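In the order they appear, the protein sequences are chains L and V.
Numbering follows the UniProt record's numbering, with no gaps: position 194 of the first sequence is 194.
Numbering follows the UniProt record's numbering, with no gaps: position 198 of the second sequence is 198.
Source of the hints: derived by calculation from the structure; they are not laboratory data.
Be a bit skeptical, because a hint or two may be false.
Covered stretches of chain V (in silico footprint by chain L; criterion: 3 or more residues with CB under 8 angstroms from a CB of chain L, positions within the stretch not fixed) [what the hints assert, rightly or not]:
{"hint": "1", "segment": "15-24"}
{"hint": "2", "segment": "62-75"}
{"hint": "3", "segment": "314-323"}
Quick caveat, the model's predicted, so the values are computed rather than measured.
C-beta: ideal position from N, C-alpha, C; glycine also.
Number of protein chains: 2
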Amino acid sequence: MSDITMIRAAADRLKGHARRTPLLSSPFLDEIAGRRVFVKPECLQHTGSFKYRGGRSALSALDGETRAKGVLAYSSGNHAQGVAKAAAEYGVPAVIIMPADAPKLKIDNTRALGAEVVLYDRENGESREAVGEALKAERGLTLVKPFDEPLVIAGQGTCGLEIAEQAREEGIETGDVLVCCGGGGFTAGVAMALEADAPGFRVRPVEPEGFDDVTRSLESGQRESNARASGNICDAILTPAPGEITFPIMQRLCGPGIAVSEDECLRAMGVAFQRLKLVAEPGGAAALAGALYHGDEIEGDTVICTISGGNVDAQVFRRALATLDDAP
Amino acid sequence: MSDITMIRAAADRLKGHARRTPLLSSPFLDEIAGRRVFVKPECLQHTGSFKYRGGRSALSALDGETRAKGVLAYSSGNHAQGVAKAAAEYGVPAVIIMPADAPKLKIDNTRALGAEVVLYDRENGESREAVGEALKAERGLTLVKPFDEPLVIAGQGTCGLEIAEQAREEGIETGDVLVCCGGGGFTAGVAMALEADAPGFRVRPVEPEGFDDVTRSLESGQRESNARASGNICDAILTPAPGEITFPIMQRLCGPGIAVSEDECLRAMGVAFQRLKLVAEPGGAAALAGALYHGDEIEGDTVICTISGGNVDAQVFRRALATLDDAP
Numbered sequence: 001m002s003d004i005t006m007i008r009a010a011a012d013r014l015k016g017h018a019r020r021t022p023l024l025s026s027p028f029l030d031e032i033a034g035r036r037v038f039v040k041p042e043c044l045q046h047t048g049s050f051k052y053r054g055g056r057s058a059l060s061a062l063d064g065e066t067r068a069k070g071v072l073a074y075s076s077g078n079h080a081q082g083v084a085k086a087a088a089e090y091g092v093p094a095v096i097i098m099p100a101d102a103p104k105l106k107i108d109n110t111r112a113l114g115a116e117v118v119l120y121d122r123e124n125g126e127s128r129e130a131v132g133e134a135l136k137a138e139r140g141l142t143l144v145k146p147f148d149e150p151l152v153i154a155g156q157g158t159c160g161l162e163i164a165e166q167a168r169e170e171g172i173e174t175g176d177v178l179v180c181c182g183g184g185g186f187t188a189g190v191a192m193a194l195e196a197d198a199p200g201f202r203v204r205p206v207e208p209e210g211f212d213d214v215t216r217s218l219e220s221g222q223r224e225s226n227a228r229a230s231g232n233i234c235d236a237i238l239t240p241a242p243g244e245i246t247f248p249i250m251q252r253l254c255g256p257g258i259a260v261s262e263d264e265c266l267r268a269m270g271v272a273f274q275r276l277k278l279v280a281e282p283g284g285a286a287a288l289a290g291a292l293y294h295g296d297e298i299e300g301d302t303v304i305c306t307i308s309g310g311n312v313d314a315q316v317f318r319r320a321l322a323t324l325d326d327a328p
Numbered sequence: 001m002s003d004i005t006m007i008r009a010a011a012d013r014l015k016g017h018a019r020r021t022p023l024l025s026s027p028f029l030d031e032i033a034g035r036r037v038f039v040k041p042e043c044l045q046h047t048g049s050f051k052y053r054g055g056r057s058a059l060s061a062l063d064g065e066t067r068a069k070g071v072l073a074y075s076s077g078n079h080a081q082g083v084a085k086a087a088a089e090y091g092v093p094a095v096i097i098m099p100a101d102a103p104k105l106k107i108d109n110t111r112a113l114g115a116e117v118v119l120y121d122r123e124n125g126e127s128r129e130a131v132g133e134a135l136k137a138e139r140g141l142t143l144v145k146p147f148d149e150p151l152v153i154a155g156q157g158t159c160g161l162e163i164a165e166q167a168r169e170e171g172i173e174t175g176d177v178l179v180c181c182g183g184g185g186f187t188a189g190v191a192m193a194l195e196a197d198a199p200g201f202r203v204r205p206v207e208p209e210g211f212d213d214v215t216r217s218l219e220s221g222q223r224e225s226n227a228r229a230s231g232n233i234c235d236a237i238l239t240p241a242p243g244e245i246t247f248p249i250m251q252r253l254c255g256p257g258i259a260v261s262e263d264e265c266l267r268a269m270g271v272a273f274q275r276l277k278l279v280a281e282p283g284g285a286a287a288l289a290g291a292l293y294h295g296d297e298i299e300g301d302t303v304i305c306t307i308s309g310g311n312v313d314a315q316v317f318r319r320a321l322a323t324l325d326d327a328p
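Excised from the complex, chain L in its bound form (with noise of 0.2 angstroms):
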């Protein structure tokens, strides 16, 4: 059962913990998007992505005999370094399983954090769940599930709970919200506090293109897959399937889907660093991508997205600079 009592609940224990983020704004973005565009930057909370919220929120709901044997968490990455800083902040031992694709960057940030990180290979099939449930079992360690676990979702909500705020302190009461989607997590968190404190706003979940397995959903009524599970610069928000629990919130709460390129997502990840002095990976980039070049989709005067996350590599980073007008 995931409700707005819960995320309350959740934005108490994360107090003095959790970042607020600010609400950013930029006269440029306004002219590229021809609306009035809000950014809520996750990308600077703790860990680099809005993850930290939902990690913290689990691991603080525990008691503490079952905490004090440690969590174990799948992830590609932003949910890995999340689940590490909040096991860390308790002194409890963390086990993060990752695919050996993540971004190295992710990968050593996470062991940095103090986690064990066990490494598998998801283009060969090797299950990641064999390898994770012989550890709980072997050690005790408790499940921290990405998205589809209500105190998870929960900790993400917080994030709504001060949108909510900030929107209410600009004046603004009407709007389509922008959240990067993965498996749905943050997109339900976030609409779940939206209808509570601010009913005027729609939430709308913002997805890769050929990874738009929340869109296809929310149009055929029922859980919809993607075909595949990789090859997408979007590593962050890649998921198979909408959760059980966030699928039928989002139905309930949020407005159609939005698809975006990775090349749009290279080039608002290039204005987010011109405009806005923001890191974002590509994933975290997406509604901002959506928020700048899907204007026909999106209704109203303002929009409000999230950059859920700035765990990105050098690399990947110059290819978004590459998107630039002053780029040699």
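Got chain L sorted already, so can you dock chain V onto it with the hints?
Chain V in isolation, oriented as in the chain L frame:
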């Protein structure tokens, strides 16, 4: 006359206009520096630098009739954008005199913010003052000086009020506060704010090697000049000498200056990219470079450093990315 009363008055006038930038940290920075590091990212301020504070402070203090005739500023870029945006907000003309070799992004942005940009050739000794005086007389413009102006110093000082408040929230009462220093408006303003609201902190000006006029002036007890006017990537903080108004304030309140190399600034930009998800310009990364690479010149367990701006071209940013380990 510059004092804390003027800074508090500027803070009142800036309310709802200037952004309250967050105070950030990362365990990775602490590890490099060997002490706790906090970062005040003024690159997230409107126009990408703290200069908006001073520009808005000056414009908001003018009487309506004077302001309506328009304002004039000399600037290599950041002060230009700060004044241009403040003028645009009031709907009054801004004429900005910029060196022809200023970063293209800064010239373009100043124009895009609605200002009239007049370029002069600093390498060949063309006098910007001569150009400016003629325009001023002809059109009745009010000159907004970049640093040696009490209203501008007061505006920059509002950043110091925020640092004092945020340090208190973090439970820190003592430490060095490193400020990226050109003519000293930012440094003097922050120092006066901390003297009043957080007297356990000591402000340290950080300058580029070869342009350490403030550092040498603090040592000798009189205003010293730099041998060169340009030729360093830290374009934002290259000034000929400390200001007549700013120097006595710095002399009274600031600890010894720190001089950082171009390479250290580029490396600090890389760290800000990787660990803070922030875009810093070379001069804006000077204080962070001091915190990370000049630890032996810093006292205490905690250092707070400003990132004063983020207006950097993609070309220069690539040089910062090249300092990172994962660069190919």
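Outcome of the hint check:
1. Coverage of a stretch by a chain is defined here by at least three residues with a beta carbon nearer than 8 angstroms to that chain's beta carbons; for the segment 15-24 of chain V and chain L the count is 5, and the condition holds.
2. Here's how the segment 62-75 of chain V fares: 0 of its residues keep a CB closer than 8 angstroms to some CB of chain L, so the rule of at least three is not met and the hint is violated.
3. Counting residues of the segment 314-323 of chain V whose beta carbon lies closer than 8 angstroms to any beta carbon of chain L gives 6, which meets the minimum of three for the stated coverage.
Hint 2 from the list above is the single one not met by this structure.
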